[in-house]
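Turn these sequences into a full structure, and let the hints guide you.
Protein chains in written order, with the numbering used here: chain A, 1 to 93; chain B, 1 to 127.
Worth flagging that the hints you see were computed from the coordinates, not collected in a lab.
Treat the hints with caution; some may be incorrect.
With a cut-off of at most 30 Å between alpha-carbon atoms, the simulated DSSO-like pairs for lysine-lysine come out as follows [unchecked claim]: (1) LYS25(A) / LYS42(B); (2) LYS79(A) / LYS109(B); (3) LYS79(A) / LYS42(B); (4) LYS42(B) / LYS109(B); (5) LYS121(B) / LYS109(B); (6) LYS79(A) / LYS121(B); (7) LYS79(A) / LYS113(B); (8) LYS117(B) / LYS79(A); (9) LYS79(A) / LYS25(A); (10) LYS25(A) / LYS109(B).
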Amino acid sequence: MNLFYSVCLVLVILSMLGLLYRVWKGPSVPDRLVALDAIGVMLISAIALLSILFDTPFFIDAILLIAIMSFIGTVSFSKFIERGEIIERGPNR
Amino acid sequence: MDLIADIIIVLLVTVGIIFTIVTVIGILRLPDVYTRAHAASKSATLGVMSLLLGVFLHFWWNEGHFSVALLLGIVFLFITSPIGGHLMTRAAYMSGVQPTELTVGDDLKEAVKEQRKESDKNTPDDE
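Structure below.
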C-alpha cells in the first residue's frame with residue numbers, strides 16, 4: 001500500500017516539474033500565472049499523499065490553508081495584470 | 001470489508017493522479033493561454049477533488065478519523081478553482097494576449113470595443 005502512495009507522490013512531483021517548465025518558458029505573464037495556480041493545486045495533492053505516508057491527520061489543515069492562499073494570490077495577481085493596481089482608490093480621496 | 005474500502009480508495013487516488021497527468025500534458029502541449037487555462041482549471045480541479053476524497057475515505061475508514069477540514073477543502077476547491085480560471089483568462093484577454101491562429105470567431109472583441117466607446121463617451125460628463 002505504501003508503495004502505491006509513494007509512486008503517486010513521485011508522479012505528482014514529476015507533474016509539478018513539468019509545470020515548472022511552463023513557468024520558466026511561458027511566452028506571456030498569464031501563462032506563468034496559470035501554471036503557478038496549477039502548481040498550487042498539485043501541492044495540495046502532494047500534501048494529502050504525504051499525510052497518508054506519514055500516517056498522521058495533522059497535515060490536513062495545511063491543505064485548506066494552501067487552497068485559500070493560492071486563491072487569494074491568483075485573484076490579486078490577475079487583478080494586477082488587468083487593471084495595473086490591486087487595491088483601488090475610492091472616489092473621494 | 002477492508003478490502004472493498006482499499007479498492008475504493010485506490011480507485012479514487014488513481015483517478016486523481018490520471019487527471020493530474022492529463023493536466024500537465026495539456027499545459028505543456030496546448031497552443032495558447034486560453035486553451036491552457038481550460039486544461040488546467042477543469043482537470044486539475046477534478047483530479048485534486050477525487051484524490052482528496054480518497055484521502056478523506058482513507059482517514060475515515062482505516063484510521064477512524066472523520067476530518068471535516070478535508071471536506072471543507074474539497075468544497076472550497078470546487079467553488080474557487082473555476083473562478084480563478086475565469087479571472088486569469090479575463091486578465092489575459094484584457095492585457096492583450098492574442099489567441100492562437102486556429103481561432104475562428106472572437107465575439108468578445110466587439111463587446112469590449114463597444115464598452116470602451118461608451119465609457120469614453122461617459123467620462124467627460126462625469127467631470
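Status of each hint after checking the structure:
1. LYS25(A) / LYS42(B): OK: LYS25(A) and LYS42(B) at ~22 Å, within 30 Å.
2. LYS79(A) / LYS109(B): holds (20 Å)
3. LYS79(A) / LYS42(B): holds (21 Å)
4. LYS42(B) / LYS109(B): Status holds; Cα separation ~25 Å.
5. LYS121(B) / LYS109(B): Holds. LYS121(B) to LYS109(B) sits at ~19 Å (cutoff 30 Å).
6. LYS79(A) / LYS121(B): Distance ~25 Å between LYS79(A) and LYS121(B) Cα, so the pair holds.
7. LYS79(A) / LYS113(B): Given that 30 Å is the threshold and the Cα spacing comes to 20 Å, the pair holds.
8. LYS117(B) / LYS79(A): Distance of about 22 Å is within 30 Å: holds.
9. LYS79(A) / LYS25(A): holds (23 Å)
10. LYS25(A) / LYS109(B): Status holds; Cα separation ~28 Å.
Figure legend: structure checked against the earlier numbered hints; every hint is met.
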